[in-house]
Amino acid sequence: MKRFAIMTLMATILAIGFGCEKKTDLALRYEMEKALAKADRLSDKIYSQNKRPSDAEFSEIIENYQTVVKMIKQASNVSEVEKASADKRQAWAIADLARTRIGIMYSDRGLYDKAFESFKSAVDDPAISKIQKNAVQNYMASAKEKLRQYPEAASIYYDEGKGYLDIIVAQNPNMDALAAPIKAAQAWLKAGDKIKFDAYMDSARAIYRDIAAKYPKSPVKNAAVGKLAATYMLQDNYRQAIDILREAKDDSTNQIPPDVLLMIADIHLKNQKDYQSAEKTYREFIRMYPNERITPSAYLGLGLTLFEMGKYQQARETVKNIAEKAAAQKTVPIDANYLIALCLEKEGKWEQALGRFNLIQASFPGSEKAFEAALYIGNYYKTKGEQKLADESFRRAEEYISKYANPETSNEVMACKAMGYLVRCYTEAGNLPKAIEVLTELHEKHRGLPEGKLASLRLADLYENALHDNAKAAFWLDAFIQDNPDADNIAEVISHRKALAQ
1 MKRFAIMTLM ATILAIGFGC EKKTDLALRY EMEKALAKAD RLSDKIYSQN
51 KRPSDAEFSE IIENYQTVVK MIKQASNVSE VEKASADKRQ AWAIADLART
101 RIGIMYSDRG LYDKAFESFK SAVDDPAISK IQKNAVQNYM ASAKEKLRQY
151 PEAASIYYDE GKGYLDIIVA QNPNMDALAA PIKAAQAWLK AGDKIKFDAY
201 MDSARAIYRD IAAKYPKSPV KNAAVGKLAA TYMLQDNYRQ AIDILREAKD
251 DSTNQIPPDV LLMIADIHLK NQKDYQSAEK TYREFIRMYP NERITPSAYL
301 GLGLTLFEMG KYQQARETVK NIAEKAAAQK TVPIDANYLI ALCLEKEGKW
351 EQALGRFNLI QASFPGSEKA FEAALYIGNY YKTKGEQKLA DESFRRAEEY
401 ISKYANPETS NEVMACKAMG YLVRCYTEAG NLPKAIEVLT ELHEKHRGLP
451 EGKLASLRLA DLYENALHDN AKAAFWLDAF IQDNPDADNI AEVISHRKAL
501 AQ
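Take 1 as the starting number for the sequence shown in the numbering used here and just add one per residue.
Hints should not be assumed to be uniformly reliable.
Capping the alpha-carbon separation at 25 Å, the derived lysine-lysine pairs in PhoX-like fashion look like this [unchecked claim]:
#  : residue 1 : residue 2
1  : Lys273    : Lys221
2  : Lys498    : Lys453
3  : Lys133    : Lys214
4  : Lys146    : Lys445
5  : Lys146    : Lys453
6  : Lys270    : Lys320
7  : Lys45     : Lys73
8  : Lys133    : Lys51
9  : Lys217    : Lys249
10 : Lys403    : Lys346
11 : Lys114    : Lys45
12 : Lys472    : Lys196
13 : Lys270    : Lys311
14 : Lys382    : Lys434
15 : Lys120    : Lys83
16 : Lys445    : Lys472
17 : Lys472    : Lys146
18 : Lys146    : Lys83
19 : Lys330    : Lys320
20 : Lys196    : Lys162
21 : Lys472    : Lys434
22 : Lys320    : Lys51
23 : Lys51     : Lys196
24 : Lys162    : Lys38
25 : Lys249    : Lys214
26 : Lys45     : Lys70
Per label pair, the in silico range of CB-to-CB distance [claimed, not checked]:
#  : residue 1 : residue 2 : range
27 : Asn470    : Lys217    : 54 to 60 Å
28 : Ser252    : Leu500    : 37 to 43 Å
29 : Val81     : Ser495    : 45 to 51 Å
30 : Thr24     : Pro450    : 48 to 54 Å
31 : Gln314    : Asn431    : 38 to 44 Å
32 : Arg246    : Lys388    : 51 to 57 Å
33 : Pro257    : Ala213    : 48 to 54 Å
34 : Ser76     : Arg246    : 52 to 58 Å
35 : Tyr30     : Val81     : 17 to 23 Å
Don't read these hints as lab results, they were simulated from the structure. Backbone N, C-alpha and C define an ideal beta-carbon position, used for all residues, glycine too.
Working from the sequences, and respecting the hints, build out all of it.
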């Protein structure tokens, strides 16, 4: 849980400096540092023991941080701050850090109103630094999103993005602040205002172009160009995004950097479904960068492209080598083996494909592609009308996936992913009651993880489209809307919920 991720830059705010002019201010600062450290220790101790502290434990944590805040009176104006000693300014910074941590605690608890007020009290402090203010604004906007107050969230995100222009460190881009202008536009989309979404996207592009022009040949310029391309992708203007990315050439070689060229190829493949352009770009990458860390990913992309073009044997040959060796991207060999199995099945070589699917389960235990392989076998037999073999294959898939689906005996993240695949297994095998049982458990016990967050939406889908129970579908849609107010698709979910009620 990222309770105290106020960003690395803010660590400098609390750097201890001696030789200051007021001994009383130095003493106050020292006492506040001790109190903050004490509050942190208590918080770490409680959270290490419990994923969700009890109400009493939570109150104790908050009280400890509030003690820090109360140790110094907030500055009344900027003039007072300017006249204060360095130690007193550091003391104010410590108080603002405590306020921010309180806000994060409230946000994690789902108390977004209180979270926002705590963040706002830090931002309104005349003593807060521009760097710290910019970081806290991100939390403020997020709290407003979770309260479904999207216009207010958009305004704060936009202010954060504009404010970042005054504190840019060219060699160390702040990705949260760089993303803020896009988030401002997305907040308007969540509010259902497409016109303002488009207008704020235009504003975001102006900000990114400004950064790129002011900081040439720097990491922040490269990051801004990436965000500029992202604005077009979010509006499905992939051609414009690719044009921008192709202009992002390395200053020393005058070539498109490998990660950017791979991104262009991926856009051709995954977004545009332009397989000829994808093939050409992946081959361009392999020719230009034969020994890069990410070159195996280019081979995999080329293999996937050839598969989509129906060139199954050629696709297999393309990924054969990377399927047999380790790569910097650990999933590449797994994906390559899975692609080979798919190609073999398409070529009518089911026994060889089956052997490869079984190899994946044995060689890459607990991986997502291993779960996919187990399910693919059952679905293959189901589509062929061989129900007995399908039932047996789904039973084996359930047995295999279940070994990794116990949060008590394995990593919670891995277990929840496995539970998600277990839901698929039950659904595809036609055992909807068991699918609902697992989804309900994910919703009730693991809402902090992706599978838990999406469980209510998947339940709504099952009840509406498989069981034709619109009342229960509406119940689970309401649960999703309540739990995920900042979801990217929240506007569509709300619209569908309204349609369901008609």
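Restraint check for Lys133 with Lys214, where alpha carbons must lie at most 25 Å apart:
The hint holds at about 23 Å.
Taking only the CA atoms, is the gap from Lys270 to Lys311 under or equal to 25 Å?
OK: Lys270 and Lys311 at ~17 Å, within 25 Å.
Does Lys445 lie within 25 Å of Lys146 when you go C-alpha to C-alpha?
holds (20 Å)
Are the Cα positions of Lys45 and Lys70 separated by 25 Å at most?
holds (23 Å)
Regarding the pair Lys146 and Lys83, is the alpha-carbon distance no greater than 25 Å?
The given pair, whose Cα atoms are some 39 Å apart, is violated under the 25 Å limit.
Tell me if the beta carbons of Asn470 and Lys217 are separated by a distance inside 54 to 60 Å.
holds (58 Å)
Using the C-beta atoms of Arg246 and Lys388, is the stated range 51 to 57 Å upheld?
holds (54 Å)
At the C-beta level, are Thr24 and Pro450 separated by a distance inside 48 to 54 Å?
At 51 Å between Cβs, range holds.
What's the verdict on Lys472 and Lys146, does the C-alpha distance respect the 25 Å limit or exceed it?
holds (24 Å)
Would the pair Lys133 and Lys51 pass a check requiring their Cα atoms to be no farther apart than 25 Å?
At roughly 29 Å apart (the allowed maximum being 25 Å), Lys51 and Lys133 break the hint.
Starting from Lys382, check that the Cα of Lys434 is at most 25 Å away, please.
Distance of about 19 Å is within 25 Å: holds.
Between Lys51 and Lys196, is the straight-line Cα distance small enough, at 25 Å or below?
Judged against 25 Å, a Cα distance of about 39 Å means the pair is violated.
Checked against the numbered hints listed earlier, the structure breaks hints 1, 7, 8, 10, 12, 18, 22, 23, 24, 28, 33; every other hint is satisfied.
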